[in-house]
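Protein chains: 2
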Amino acid sequence: MTSIPGFWAVVPAGGAGTRLWPLSRAGHPKFLLDLTGSGRSLLQTTVDRLEPLTAERVVVVTGAAHAEAVRAQLPSLGASQVLAEPSPRDSMAAIGLAAAILAERHGPDAVLGSFAADHVIDDLDRFRSAVREGVEAARAGYVVTIGIAATEPSTAFGYVRSAEPLGVEAAPSARHVAGFTEKPDAETAAAYLATGDYRWNAGMFLVRAGVLLDHLATQLPALAAGLRTIAAAWDDPARREAVLAEVWPGLTKIAIDHAIAEPVAAAGGVAVVPGDFSWDDVGDFDSLAPLLAPVAGGGTPDDGARTLGDDSLVQRIAAPGAVVVPTGGRTVTVLGIPDAVVVDTPDALLVTTRAHAQQVKRVVDGWRDRGRDDLL
Amino acid sequence: MTSIPGFWAVVPAGGAGTRLWPLSRAGHPKFLLDLTGSGRSLLQTTVDRLEPLTAERVVVVTGAAHAEAVRAQLPSLGASQVLAEPSPRDSMAAIGLAAAILAERHGPDAVLGSFAADHVIDDLDRFRSAVREGVEAARAGYVVTIGIAATEPSTAFGYVRSAEPLGVEAAPSARHVAGFTEKPDAETAAAYLATGDYRWNAGMFLVRAGVLLDHLATQLPALAAGLRTIAAAWDDPARREAVLAEVWPGLTKIAIDHAIAEPVAAAGGVAVVPGDFSWDDVGDFDSLAPLLAPVAGGGTPDDGARTLGDDSLVQRIAAPGAVVVPTGGRTVTVLGIPDAVVVDTPDALLVTTRAHAQQVKRVVDGWRDRGRDDLL
Numbered sequence: 054m055t056s057i058p059g060f061w062a063v064v065p066a067g068g069a070g071t072r073l074w075p076l077s078r079a080g081h082p083k084f085l086l087d088l089t090g091s092g093r094s095l096l097q098t099t100v101d102r103l104e105p106l107t108a109e110r111v112v113v114v115t116g117a118a119h120a121e122a123v124r125a126q127l128p129s130l131g132a133s134q135v136l137a138e139p140s141p142r143d144s145m146a147a148i149g150l151a152a153a154i155l156a157e158r159h160g161p162d163a164v165l166g167s168f169a170a171d172h173v174i175d176d177l178d179r180f181r182s183a184v185r186e187g188v189e190a191a192r193a194g195y196v197v198t199i200g201i202a203a204t205e206p207s208t209a210f211g212y213v214r215s216a217e218p219l220g221v222e223a224a225p226s227a228r229h230v231a232g233f234t235e236k237p238d239a240e241t242a243a244a245y246l247a248t249g250d251y252r253w254n255a256g257m258f259l260v261r262a263g264v265l266l267d268h269l270a271t272q273l274p275a276l277a278a279g280l281r282t283i284a285a286a287w288d289d290p291a292r293r294e295a296v297l298a299e300v301w302p303g304l305t306k307i308a309i310d311h312a313i314a315e316p317v318a319a320a321g322g323v324a325v326v327p328g329d330f331s332w333d334d335v336g337d338f339d340s341l342a343p344l345l346a347p348v349a350g351g352g353t354p355d356d357g358a359r360t361l362g363d364d365s366l367v368q369r370i371a372a373p374g375a376v377v378v379p380t381g382g383r384t385v386t387v388l389g390i391p392d393a394v395v396v397d398t399p400d401a402l403l404v405t406t407r408a409h410a411q412q413v414k415r416v417v418d419g420w421r422d423r424g425r426d427d428l429l
Numbered sequence: 054m055t056s057i058p059g060f061w062a063v064v065p066a067g068g069a070g071t072r073l074w075p076l077s078r079a080g081h082p083k084f085l086l087d088l089t090g091s092g093r094s095l096l097q098t099t100v101d102r103l104e105p106l107t108a109e110r111v112v113v114v115t116g117a118a119h120a121e122a123v124r125a126q127l128p129s130l131g132a133s134q135v136l137a138e139p140s141p142r143d144s145m146a147a148i149g150l151a152a153a154i155l156a157e158r159h160g161p162d163a164v165l166g167s168f169a170a171d172h173v174i175d176d177l178d179r180f181r182s183a184v185r186e187g188v189e190a191a192r193a194g195y196v197v198t199i200g201i202a203a204t205e206p207s208t209a210f211g212y213v214r215s216a217e218p219l220g221v222e223a224a225p226s227a228r229h230v231a232g233f234t235e236k237p238d239a240e241t242a243a244a245y246l247a248t249g250d251y252r253w254n255a256g257m258f259l260v261r262a263g264v265l266l267d268h269l270a271t272q273l274p275a276l277a278a279g280l281r282t283i284a285a286a287w288d289d290p291a292r293r294e295a296v297l298a299e300v301w302p303g304l305t306k307i308a309i310d311h312a313i314a315e316p317v318a319a320a321g322g323v324a325v326v327p328g329d330f331s332w333d334d335v336g337d338f339d340s341l342a343p344l345l346a347p348v349a350g351g352g353t354p355d356d357g358a359r360t361l362g363d364d365s366l367v368q369r370i371a372a373p374g375a376v377v378v379p380t381g382g383r384t385v386t387v388l389g390i391p392d393a394v395v396v397d398t399p400d401a402l403l404v405t406t407r408a409h410a411q412q413v414k415r416v417v418d419g420w421r422d423r424g425r426d427d428l429l
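Listed in order, the protein sequences are those of chains A and B. Heads up: the first sequence begins at 54 in the working numbering, then just goes up one per residue. Heads up: the second sequence begins at 54 in the working numbering, then just goes up one per residue.
Keep in mind the hints are simulated off the structure, nothing from the lab. Some hints here could point you the wrong way.
Unchecked claim - A few chain B residues that face chain A, going by a derived Cβ cut-off under 7 Å, partial list only:
hint, residue
1, Leu345
2, Ile370
3, Thr384
4, Asp397
5, Val404
6, Thr406
7, Gln411
8, Arg415
9, Gly419
Stated by the list, open to error - Subject to a maximum C-alpha distance of 20 Å in a straight line, what follows is the list of computed SDA-like cross-link-like pairs (lysine to any residue):
hint, chain 1, residue 1, chain 2, residue 2
10, B, Lys414, A, Ala209
11, A, Lys414, B, Ile370
12, A, Lys236, A, Leu246
13, B, Lys414, A, Ala371
14, B, Lys414, A, Lys236
15, A, Lys236, A, Ala209
16, A, Lys414, B, Gly389
17, B, Lys414, A, Leu246
18, A, Lys414, B, Leu366
All C-beta atoms in this analysis are idealised placements derived from N, C-alpha and C, irrespective of residue type, glycine included.
The task is simple: from the sequences and hints, build the whole structure.
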């Protein structure tokens with residue numbers, strides 16, 4: 054398999070993954086974790102997945118606090134490939150910064166694809182095939198999103214609605230995008246699924262750097278100008294810090310969906326390529342379970358019990374479906390709580406159930422209210 | 054309050070407390086633990102409770118493995134007051150050994166009372182009043198048990214059935230015992246409670262040393278002779294170990310209930326003094342809860358949540374009735390599991406519910422089956 058000429062992967066590595074506390078912490082966020090037991094972090098797996106398409110044309114955008122950890126996990130990346138943001142300015146600034154720097158370095162026709170550092174994808178051939186088509190549609194001037202085949206009426210994701218075929222020969226399955234929607238309620242999600250036109254919006258955008266910057270200049274000219282100013286100074290060690298310090302704090306905080314995808318879709322400039330692979334953003338401990346292998350003693354048929362870590366440390370009795378994460382080194386015993394979630398770390402233990410997994414943010418808020426910032 | 058002349062408390066300190074694992078371990082059993090948050094272990098509390106009655110006339114009988122820990126917890130006891138058994142030989146040998154040694158040291162009219170080291174009693178005045186009456190009935194030649202007022206039809210305890218008044222002037226509430234019963238089923242327990250004649254048998258026996266040894270000589274002459282042989286050598290440092298090594302391993306393993314209480318009751322020689330105080334043998338983590346104070350955030354009315362240890366380490370959300378034991382120093386969060394039981398220790402974590410508290414023995418068996426004797 055050959056890489057795609059002129060294609061750069063941009064990997065935004067941000068987000069704390071609060072609902073995966075206490076495994077995920079502000080200082081050691083979700084993308085740095087191995088959540089699948091593969092031995093590689095989500096960030097590493099994301100770069101591994103792209104490598105056949107990009108060779109080493111990858112740029113990671115992350116917070117200054119995490120730049121060192123990112124470099125340590127990805128030693129093959131050069132210094133110029135890790136872009137450290139002085140402070141969080143949401144996804145438009147992160148991806149826009151990468152686009153502006155890539156345009157400076159490689160010209161406006163460089164195609165970039167953004168792929169979040171904390172997602173899990175299993176069918177790599179289908180993923181790569183979708184990216185290849187997406188790059189072709191991007192070369193034709195579109196902002197391209199990969200629309201994931203919805204396997205259930207999820208209320209946890211936004212949706213993209215496809216319209217007529219795009220008509221780009223090199224991207225035969227690409228379609229025009231009729232619009233994007235926010236996370237729907239259950240009834241709406243079921244209706245979406247029934248039509249067959251709606252796919253999950255996984256935030257994977259492919260676009261020529263110049264096209265993205267032109268759209269941004271139209272929609273948010275100050276943000277576009279700020280990013281171009283920073284990009285022009287980025288590779289000059291004498292100037293980068295001073296320009297960043299002056300310009301970065303004033304950049305508009307906005308998601309790329311609102312800044313570009315939605316308005317450009319309304320104007321007919323967005324395409325969708327179907328992605329018929331399994332995808333998950335591993336938002337909480339319930340969604341972690343399907344990514345892990347059945348445990349040795351889980352019975353036949355599989356009782357749903359899962360361990361992230363050393364299962365020899367875990368004893369379950371009458372606890373089918375229990376998810377245990379024994380990172381504290383101690384033994385963990387669960388007796389009589391089906392679908393329990395037990396996450397053991399050296400300084401914090403969480404005990405809940407899979408049905409409560411989406412509420413873990415309340416736990417983090419509770420410790421913050423008590424002044425236990427050391428746990429966050 | 055003056056102590057009772059010629060009265061010796063015998064405190065059998067044995068039993069692993071398996072259902073309190075992982076707090077209770079073979080090497081650090083239940084009686085050495087502070088299970089009420091008082092700052093004193095159950096053993097220490099037992100001796101504290103008896104002190105006004107005995108001054109320092111207390112003998113503790115324990116396994117050789119625990120003798121050093123017992124002495125460390127009870128520094129006021131002399132070397133002669135901790136009797137170390139070479140191996141477990143059940144309660145008749147333990148109490149009989151103490152009786153034989155007390156008879157050697159103080160004569161056969163010394164009255165002894167046996168009080169297990171791992172029980173919790175709250176109404177100390179009523180407890181001591183019952184013991185004082187019991188000693189008087191014992192002086193009159195009876196084997197005396199203290200019958201605890203049953204507050205519910207428990208299937209966890211044996212029962213003692215009272216008959217006509219004893220007629221001993223100094224023990225006006227004492228009655229003859231019609232018989233003892235094993236732990237009943239629920240229906241039988243309810244019937245017992247309805248009669249008003251049945252009380253819980255807490256294993257508190259009071260008897261003159263000589264009377265006990267005479268009964269034992271009648272019922273189990275070999276055991277009586279063996280204990281007398283050992284007792285005669287006990288206080289001679291040159292002989293104790295040799296005699297113990299020769300005689301102890303051959304002693305009959307039998308509970309005092311079967312060896313003495315039941316056959317002697319059938320012959321009319323057992324009396325019961327009512328004990329109208331609260332009593333618990335703290336068998337599991339469910340029975341621990343009522344002994345602990347409500348937690349600060351438990352709401353009004355009390356939601357039943359309890360912490361044994363530092364409650365500032367514990368956060369509960371939607372977890373009324375949850376019992377948490379944070380001995381590992383880390384924080385413990387319980388989200389959405391009412392009546393959860395979470396016991397955190399440095400090497401073992403247990404997560405269960407109060408309804409499953411009686412099944413914790415299965416957990417210990419499970420780790421033993423896996424060869425994890427270090428956890429037992």
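*Would the hint on B/Val404 stand, with a C-beta cut-off of 7 Å toward chain A?*
Check passed: Cβ of B/Val404 comes within 5 Å of chain A, closer than 7 Å.
- Is the Cα-Cα distance between A/Lys236 and A/Ala209 20 Å or less? holds, 6 Å
Worksheet entry | Restraint satisfaction for B/Gly419 [CB to CB of chain A, less than 7 Å] | Holds: closest Cβ of chain A sits about 5 Å from B/Gly419, inside 7 Å.
Does B/Leu345 meet its interface restraint, that is, does its C-beta lie within less than 7 Å of any C-beta in chain A?
violated, 19 Å
Please work out if B/Lys414 and A/Ala371 have their alpha carbons no farther apart than 20 Å.
-> With Cα atoms ~14 Å apart, B/Lys414 and A/Ala371 stay inside 20 Å; holds.
Report task. Verify the proposed pairing of A/Lys414 with B/Gly389, using a straight-line Cα cut of 20 Å. Result -> holds, 13 Å
Are B/Lys414 and A/Lys236 close enough, with their CA atoms no more than 20 Å apart?
violated, 47 Å
Take the C-alpha atoms of A/Lys414 and B/Leu366, compute the straight-line distance between them, and say whether it is at most 20 Å.
-> holds, 18 Å
Interface hint outcome for B/Thr384 [beta carbon to chain A under 7 Å]: Since chain A brings a Cβ to about 5 Å from B/Thr384, closer than 7 Å, the hint holds.
*Have a go at the B/Thr406 hint: is there a Cβ in chain A nearer than 7 Å to its own Cβ?*
holds, 6 Å
Discussion item. Interface hint check: B/Ile370, Cβ to nearest Cβ on chain A, cutoff 7 Å. Holds or violated?
Written reply: holds, 6 Å
A/Lys414 and B/Ile370: Cα distance at most 20 Å?
holds, 11 Å
Consistency with the previously given hints fails for numbers 1, 7, 10, 14, 17, ordered from lowest to highest.
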